Amino acid sequence: MNCGSREALEEMTAIQSHRGPDDSGVWDWKSSDGSYVGLGSRRLAIIDLSPDGHMPMSNEDGTVWITYNGEVYNFAELRRELQSKGHRFGSETDTEVIIHLYEEEGADCVKRLNGMFAFAICDLRQGSPTLFLARDHFGVKPFYYWHQGPRFAFASEIKALLQVPEIQPELDLHSLNQYLTFLWVPDPNTMFKGIRKLPAGHYAVFREGTMKITQYWDLTFPSKLHSYPRREADLIHEIRERFQRSVEMQMVSDVPIGAFLSAGLDSSSIVALMSRANRAPVRTYTITFPPNYRAGETTLDDPGVPERLAQQLGCENQQIVVEPDVTALLPHLVWHMDEPTADPAIIAAYLVCREAQKQSTVLLSGVGGDELFAGYRKHAAHNWARAYQKIPSVLRRGVIEPALSNLPNVRGMALKGTVRLAKKMARSASLSPRERFIMDCTYLDGEQKTALYRQDVGDRLRTLDTGISHRSCFDSVPHADFLNQMLYLDSKIFMPSLNLTYNDKMSMASSVEVRVPFLDRDLAEFVAWNVPPNLKLKGFLRPTTKYIFRKAMKDDLPREVLQQPKAGFAAPVDYWLAHDLREMVDDLLSESRVRQQGLFRPEAVREFVKEHRTGVKDWSMQIWQLLTLEIWMQTFLDAGSKRPAGDSTQVATA
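Numbering (our numbering), first residue to last: 51 to 704.
Just so you know, the hints here were simulated from the structure itself, not pulled from any lab data.
Errors might be hidden in some of the hints.
[To be verified] Simulated crosslink set (EDC-like; lysine to aspartate or glutamate; CA at most 20 Å straight-line):
1. Lys243 - Asp515
2. Lys667 - Asp636
3. Lys274 - Glu575
4. Lys161 - Glu131
5. Lys161 - Asp572
6. Lys135 - Glu155
7. Lys473 - Asp495
8. Lys243 - Glu220
9. Lys440 - Glu485
10. Lys428 - Asp531
11. Lys274 - Asp525
12. Lys440 - Glu451
13. Lys473 - Glu451
14. Lys80 - Asp173
15. Lys262 - Glu155
16. Lys135 - Glu110
17. Lys660 - Glu633
18. Lys667 - Glu653
19. Lys243 - Asp506
20. Lys262 - Asp158
21. Lys262 - Asp173
22. Lys428 - Glu485
23. Lys601 - Glu282
24. Lys473 - Glu485
25. Lys80 - Glu216
26. Lys408 - Glu366
27. Lys473 - Glu497
28. Lys474 - Glu451
29. Lys474 - Glu497
30. Lys474 - Asp495
31. Lys667 - Asp495
32. Lys135 - Asp158
33. Lys161 - Glu127
34. Lys604 - Glu291
35. Lys428 - Glu451
36. Lys80 - Asp111
37. Lys161 - Asp268
38. Lys243 - Asp688
Since this is a predicted model, take the numbers as computed values, not measurements.
Hey, can you work out the whole structure from these sequences and the hints?
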């Protein structure tokens, strides 16, 4: 609004063509006083493939316009209700349902929607345009914006915002500090100064230069003294039924649909229930790497498990064995991600979506299961730390922790993951539960970052608290059991800032829509208020993660899936750094490059690389982090992101 032009709007939509290759459109409006507002759209047709679904879309008299990214799964029910109240429809889309629901209920319309969405409505009914902006409950779909006085712009991807002449890419140092801490930047910040994200579960109203953001939903938890009256058997049955309904609801599509299938419990459960609901064989996609990539990588799934499950369920499973040219692929994916994101899972996510797109436009994913039912190792680590703290502190700090800290890297050995976990626990186990959990999420601590930064940069960042968002989340649920506090934090920060972000960006890079049945609002609220913590994480030193969900799926899945240890949707970083990326590391992290960027001490970066290559320490994630950052700076700060890369989104700008 009041910035850019129709030409800029068209450039914004064009640079996101990957997000919507089926159709594009722009609409703009100028008032007599010179005010300007425009909406742009790229469409990936999922529901109602006809031209009737063209966006931006308006109501009957052209006074309410929308651009929209996502899917509303209860749109048919809402449509019938709105028709009974006299609303008339010209398409079969969920987009038009949102328009009429907004006409009927205003800002409260978002409370009625079950789905994933980011949308903007321009309301001209009061003369001066009002923008109503909304992001779904969990933040499955992204929403970026820039606001400066009366000028405002928004989009599904940051690279679209950078097409607006008034918006120049500039590094945000506070966000850099968070990135080096966590591998990614927590919402609502971004790595770009002045560009922010609309938080999950929030809507905003922009009118006459003023923007007001309102939270319309939050995942809440009962007090730790709460009594849970439901019997375990009843909970098992109800969770199974609710999850089945969520899966079936999210299978609604007018285009081919499939699913990720790893060795893990979450994706396997989705595929099992899809198979029950679908007469035709379910298309499933499994990614794996050659044996030489897998040596010592306990984070990589065993490809034999999903292969056997697919056969048992009668699925059409495609096992994608990849040996990518990671040197060429990494810059491409950094461009798609918009921000530096140092989780190598983005590579596996992109590769499986790229292959799946040849057959399926929609994929169901298991993202959210760990946050709902306590599936991460860091949840169990809380119990281990409590046991560790019973050891006398003189023994812990004087003997155990120094010994663990000095353990060498064990590249290529199965012990690598165990050693990494032990080192991480040793540095945090003596802290309070909250601080320990935050520390366990970090990859570089304050002392390490101080040694890395150039002195003038370090001086500017010394007083900044990178864990402020995490502590704020803990403060929002102080009454809850600590396990539920951890789950709340993960669902508010870790999941939307990392997992959901890269799932959206990597799938849309291949023009594929990813849906997440675990993040059905009703299911999540039921689990939060009815399942006691000891039925999510059952046991103490060797607890069963996602206990109640495993029980709920015991009749649908074989034992080897139910007992499969947690494995990430990961990639062989250590192997790549030692082989494929060795030359790139030497080039992009060279002394001259590091000095030219002006953020870090070249000798500190060189020491990271040296210690990792000699096996003194495992700095694989930190080196990957610095490499990703350098590629991002070259792509966005130096080149301005304007190079073509064959991409697009449901973009909207105002």
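Q) What hints, given by number in increasing order, does this structure fail? A) Hint check: nothing fails, all pass.
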